[in-house]
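Each chain, letter by letter, is given below.
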Amino acid sequence: MWRTFGHLPPEPIHTSCLAFPVMDPIAASREPAPALPQALTVSQLAHLIRETVRSNPLLGRILVRGEVSNVQLAPAGHVFFTLKDAAAQISCTLFREDAELLGFDLEDGMDVVVSGDVDVFPRKGTVQLVVRAATPAGVGAFWAAYQRTRKKLAAEGLFDAIRKRRLPSFPRRIGVVTSEIGAVVHDIVTILRRRYPMAHVIVAPALVQGPGAPASLRRALAAVADRVDVVILARGGGSLEDLWCFNDEGLARAVATCRVPVVSAIGHETDVTIVDFVADVRAPTPSAAAELVSPDAVELTAQLNEAGRLLAQEIREILSVRRARVKGLGERISPRGLRRSVEANRTRLQEMRETLASLGAREVARHRERLGSAGRRLDLLSPLATLQRGYAIAEREDGHVVAHAADVAAGDPLAVRFQDGRIHVRVNDEAPG
Amino acid sequence: MTKEPTFEESLKLLEERVDALSRGDLPLDRALAIFEEGLTLYRRCHAILADSEQRVTKLVAAAEGLTEEPFPVE
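Chains as they are written, first to last, in the working numbering: chain A, 1 to 433; chain B, 1001 to 1074.
I should point out that these hints are in silico values taken from the structure, not numbers from a laboratory.
For clarity, every value in this text was computed on a predicted model and none was experimentally measured.
We treat Cβ as the ideally placed atom computed from N, Cα and C, and that holds for glycine.
Where hints are given, some of them may not hold.
[Unchecked claim] Sample of chain A residues facing chain B (criterion: CB under 8 Å; computed from the structure):
no. : residue
1   : V71
2   : Q72
3   : L73
4   : R172
5   : A297
6   : L311
[As the list claims (entries may be wrong)] The calculated lysine to aspartate or glutamate pairs, modelled on EDC-like cross-linking and capped at a C-alpha distance of 16 Å, are:
no. : chain 1 : residue 1 : chain 2 : residue 2
7   : A       : K84       : A       : E100
8   : B       : K1012     : A       : E306
9   : A       : K164      : A       : E107
10  : A       : K152      : A       : E100
11  : B       : K1058     : B       : E1069
12  : B       : K1058     : A       : D226
13  : B       : K1058     : A       : E107
14  : A       : K151      : A       : E67
Kindly generate the complete structure, drawing on both the sequences and the hints.
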């Protein structure tokens, strides 16, 4: 069979044996062919090899798995690299238009499956694999896709610290997006109940692994975000594949645009997913996430008690200033007026004593002591104290104080009160009227 | 509808009462009134802390959209 060289593009060769294609041109060259030179030029040979390779269906549209090495980016956008295994290697070319659609960056060490065609570049006389597409394989696969998404979102600024929102100090409602079974949701709810029982916890169940997980997580997040002040997005530990859904670009974007702050707690502390980068706060574990979103009831109690203590202290000081003023004035007013004032303050103090009693046992003891001493000081100002200083009070038998001489008539029975008792007397004389 | 103040709001109001008292120069009646307000707030906060029992619900899809149903936690 005749073949002409340099005939481009080549006609397809139909060989009957795919495994061992017949090398027609070489066989043909032994036939007399007066129009052709006897020796091949290098170009002819190179093209011959190329035609041979191109025409072999075993070398077209093939899948090859290997490790990427020696990646070089050409200025024009093409990517050159070597694909190798333990015993062999082959040069690969990824043209720009294919590189742009690849979806991730090839990097040295990456385990990939590429698809493409074997071809020969006559200019360098090399056999190459022209890669049309590639997918990461094994652990390297996940790693590559992870890197791609991470770089892409980082470039968009989705991981920037300035985007991170502060968590609410006192969330009224807390959303938990996770599997509704298992330890994670249980741990979170238990911690929230202990630390911050006044919050309402809304669990939004979702698949947390497998192909359906990203969409399920997105749905749960969207559903719960409208009802809560903060969301915990959590999953327990698992393999790289198990955690894979948290590297999903769509989920990461949903977290970034969530209406309320999101705390992520995915896998173990050493697992960092794309969602962790995007979340407003990344917690090392689900339990830690629960602690991050909730104020501690013990601390709140302490804060509250401090406010109560200050409240009591302020009012005590205010009262003590007034008391000092009352004392000063008390020296100059009548026993009856003073008694009224004392009674009024005593009543008020009694009220205060009762109200302060609610500030806790320790507070009560202290307040009682303070109020007791205030009471004693008020007693000093009372008419009884006046008696102790040697004065006496004239009273009617019903106990009413006689304050004016004009109020009694001769013959009236009166009682005179001394500090140690009363004596009964009768009026001999009356004031000139 | 007037909403019951939350713990956070009540605590903030309580702290405001303390600040008001600490500024002094209030008439006694006013000071006592503020004190009593503070006390009410203090008691409310304590009650919220002591009495709250956590509600836990889960979202479930229903015919009319999402609803919440109790989420059992042992």
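Do the hints match the structure? See the list:
About 46 Å separates the beta-carbon of A:V71 from the nearest beta-carbon of chain B, more than 8 Å, and the hint is not met. Taken as an interface hint, A:Q72 does not check out: its beta carbon lies about 51 Å from the nearest beta carbon of chain B, beyond 8 Å. At its closest, the beta carbon of A:L73 sits 48 Å from a beta carbon of chain B; the interface hint therefore is violated under the 8 Å criterion. Given the 8 Å rule on beta carbons, the hint for A:R172 holds: about 7 Å separates it from the nearest Cβ of chain B.
Contact between A:A297 and chain B, as hinted, is supported at the beta carbon level, the nearest pair being about 6 Å apart and thus within 8 Å. Contact between A:L311 and chain B, as hinted, is supported at the beta carbon level, the nearest pair being about 4 Å apart and thus within 8 Å. Under the criterion of a C-alpha separation no larger than 16 Å, the hint pairing A:K84 with A:E100 is inconsistent with the structure, at around 23 Å. Taking the CA atoms of B:K1012 and A:E306, the gap is about 13 Å. The hint holds against a cut of 16 Å.
In summary, the hint linking A:K164 to A:E107 is not supported, as the alpha carbons are separated by about 31 Å, beyond the 16 Å threshold. With a CA separation close to 13 Å, the supplied pair A:K152 and A:E100 stays within the 16 Å bound. Restraint check for B:K1058 and B:E1069: the C-alpha separation of about 6 Å stays at or below 16 Å, so the hint holds. Proximity of B:K1058 to A:D226 is assessed by CA-CA distance (about 14 Å); at most 16 Å being required, the pair is judged to hold.
About 44 Å separates the Cα atoms of B:K1058 and A:E107, which puts this hinted pair outside 16 Å; it is violated. Proposed proximity of A:K151 and A:E67 is contradicted: the alpha carbons are some 22 Å apart, above 16 Å.
Hints 1, 2, 3, 7, 9, 13, 14 from the earlier list are contradicted by this structure; the remaining hints agree with it.
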